[in-house]
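Novice: Residues per chain, in single letters:
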Amino acid sequence: MMTNDLILRVVTKWLSPIIILFALYVQFHGDYSPGGGFQAGVIFSTAILLYALTYGLDAALKVIPETALRVAASFGVLLYGGVGVVSMLLGGNFLNYSVLADTPLAGQHIGIIVIELGVGITVAAVMILLFFTFSRRVDPE
Amino acid sequence: MSLMLNLVLLVFLLVMAIAVLKTKHLFAMAMLFGLYSLLVAGLFVVLDAPDVAFTEAAVGTGISTVLMLVTLASIKDGHEAVSSTKRKIGPLIICLVMGGLLIFGTHDIAKLGEIHSPPNDQVAAYYITQGQAETGVPNLVTAVLASYRGFDTLGEVTVVLTAGIGVLLLLGQRRKIHVKKRGQTHDDQ
Amino acid sequence: MIEYILGHINYWFIIAVMMVGLYTLISRANLIKKLAGLAIFQTAVILFYVSLGKVTGGTVPIVDEAYTLYSNPLPQVLMLTAIVVGVATTALGFALVIRIKEAYNTIEEDAIFTLDQKDHE
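From first to last, the protein sequence lines stand for chains A, B and C.
Numbering-wise, numbering that gives the first Met the number 0 puts 47 at position 48 of the first sequence, and it's gapless, one number per residue.
Numbering-wise, numbering that gives the first Met the number 0 puts 182 at position 183 of the second sequence, and it's gapless, one number per residue.
Numbering-wise, numbering that gives the first Met the number 0 puts 114 at position 115 of the third sequence, and it's gapless, one number per residue.
If we strip away everything but chain A, and leave its shape as in the complex, we get (with noise of 0.2 Å):
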């Protein structure tokens, strides 16, 4: 560990919340402005490879378990699956989201925010999940 990173230390401990911030924006706000879940989901994970590259790799684990990110995977796909079954149920084609509310607009609203959050899920918790995979390979010097 480098013990003269402290203008790092703290770049990154105000760095990573804006990070967070934007990817929420970006991740919610997709419907009107340039965004979405695949470039959430991207922008999320650069915050936490920031901190665990500053912090260490033990204080990113800290921060989200790596049980979490794989439950955090799978339930991404899940969510974006799910959304295609409710609309069969509700009688129309897979992954048609106009039967999910009253008028055929505010169904299609729902629908793409409900599957942007799980594809934004997934590609967060996958890309997080490969960087801590990888980093602990690294056999400490």
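Hints are not guaranteed to be accurate.
The calculated lysine to any residue pairs, modelled on SDA-like cross-linking and capped at a C-alpha distance of 25 Å, are [claimed, not checked]:
| no. | chain 1 | residue 1 | chain 2 | residue 2 |
| --- | --- | --- | --- | --- |
| 1 | B | K75 | B | T60 |
| 2 | B | K21 | C | Q41 |
| 3 | B | K110 | C | L5 |
| 4 | B | K110 | C | T58 |
| 5 | C | K33 | B | A72 |
| 6 | B | K23 | C | N104 |
| 7 | B | K110 | C | G57 |
| 8 | B | K75 | A | L49 |
| 9 | C | K33 | B | L168 |
| 10 | B | K87 | C | I111 |
| 11 | B | K21 | C | T105 |
| 12 | C | K33 | B | G98 |
Not the full set, but computed from the structure, chain C residues with beta-carbon under 10 Å of chain B [to be verified]:
| no. | residue |
| --- | --- |
| 13 | I8 |
| 14 | L21 |
| 15 | P74 |
| 16 | A81 |
| 17 | A87 |
| 18 | E107 |
Bear in mind the hints are in silico, worked out from the structure with no lab data behind them.
Every residue, glycine too, gets a C-beta built ideally from N, C-alpha and C.
Following the hints, complete the assembly by docking chains B and C onto the known chain A.
Specialist: Same frame as chain A, but now just chains B and C:
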């Protein structure tokens, strides 16, 4: 103006790609690769694709480069061995043939920015005129991604999850697996 | 003629980057370098697709009353997912490189090939 910007960025891009090819130091190569991705993200902005630019900036400059660095740290081998020069002509011929054929192929593509080219005239025109009315989402990229091509996106997310599972299976064990030293394999059998 | 060149030079540069990526992929023996070449090749193809959807004078495909001309959203959608899938598969490649290093203690293709041949004899 846009074309000039495009060309400047593309020249930088070509220089970066050649630098990645030429450098022997793998850590330097990782940093050059990050720069290459940043330039590509800039190009996406010029090409009216901010959604793709976001993703490329975060993925290429962030995650990919970091994963490359972590891999290098893990294998503790920062230099490319000076390889024998026996395999240089063959690859060059293959690349030149591929590039020549592709450039010959671009003859049939409409010039950059043509409105009535086949890719822009067919289904894309429908998305642009009807997208917001049918999905209620002004960002057409999100509308097409999540609604019109929802099935496609489900497949892509599954691929991401599968790749994650694959990496976990390959590297997930806490302890390194001890592989038998090469050469001893025969004596044991 | 000038107009033809100006309309297509963008594609030619992208193809040149593609060629450099492919050359890195085939000619270099180092596995990490091969993966970097593959990533460059992939990015160049993505760039090619996105540039096909560009419309002169068009704007970002987000519908607003102030604009009538938009770039093509379809290539952007397809390539957006391709980038994220690309990094996931590249990570799988890196994982394989780490395992190969553990098994063979080298990441040079020539050395691995020699070791394999020694095994067969």
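Novice: For every hint, state whether the structure bears it out.
Specialist: Each hint tested on the structure:
1. A distance of roughly 22 Å separates the Cα atoms of B/K75 and B/T60; the hinted pair therefore holds under the 25 Å criterion.
2. Among the hinted pairs, B/K21 with C/Q41 is consistent with the structure: their alpha-carbon atoms are about 19 Å apart, no more than 25 Å.
3. Simply put, B/K110 and C/L5 have alpha-carbon atoms about 8 Å apart, close enough for the 25 Å limit, and the pair holds.
4. At roughly 18 Å between alpha-carbon atoms, B/K110 and C/T58 fall within 25 Å of each other, so this suggested pair holds.
5. As the CA atoms of C/K33 and B/A72 are separated by approximately 17 Å, the hinted pair is consistent with the 25 Å bound.
6. For the given pair, B/K23 sits about 19 Å from C/N104 by alpha-carbon distance, which is consistent with the 25 Å threshold.
7. About 15 Å separates the Cα atoms of B/K110 and C/G57, which keeps this hinted pair within 25 Å; it holds.
8. Straight-line distance between C-alpha atoms of B/K75 and A/L49 comes to about 22 Å, which keeps the hinted pair within the 25 Å bound.
9. Of the pairs offered as hints, the one joining C/K33 and B/L168 holds, with about 23 Å between alpha carbons and a cut-off of 25 Å not exceeded.
10. About 19 Å separates the Cα atoms of B/K87 and C/I111, which keeps this hinted pair within 25 Å; it holds.
11. Between the alpha carbons of B/K21 and C/T105 the distance comes to roughly 20 Å, so the proposed pair stays at or under 25 Å and holds.
12. Proximity of C/K33 to B/G98 is assessed by CA-CA distance (about 19 Å); at most 25 Å being required, the pair is judged to hold.
13. With a least beta-carbon distance of about 7 Å to chain B, the hint placing C/I8 at the interface is held under the 10 Å criterion.
14. With a least beta-carbon distance of about 5 Å to chain B, the hint placing C/L21 at the interface is held under the 10 Å criterion.
15. For C/P74, the interface hint holds, the least distance from its beta-carbon to any beta-carbon of chain B being 7 Å, beneath 10 Å.
16. Hint status for C/A81 relative to chain B: holds, with the closest Cβ pair at about 8 Å, below 10 Å.
17. The beta carbon of C/A87 comes within 4 Å of a beta carbon in chain B, closer than 10 Å, and the hint placing it at the interface holds.
18. Of the supplied interface hints, the one on C/E107 holds, with its beta-carbon coming within about 5 Å of a beta-carbon of chain B, less than 10 Å.
Going through the hint list in order, the structure satisfies each hint without exception.
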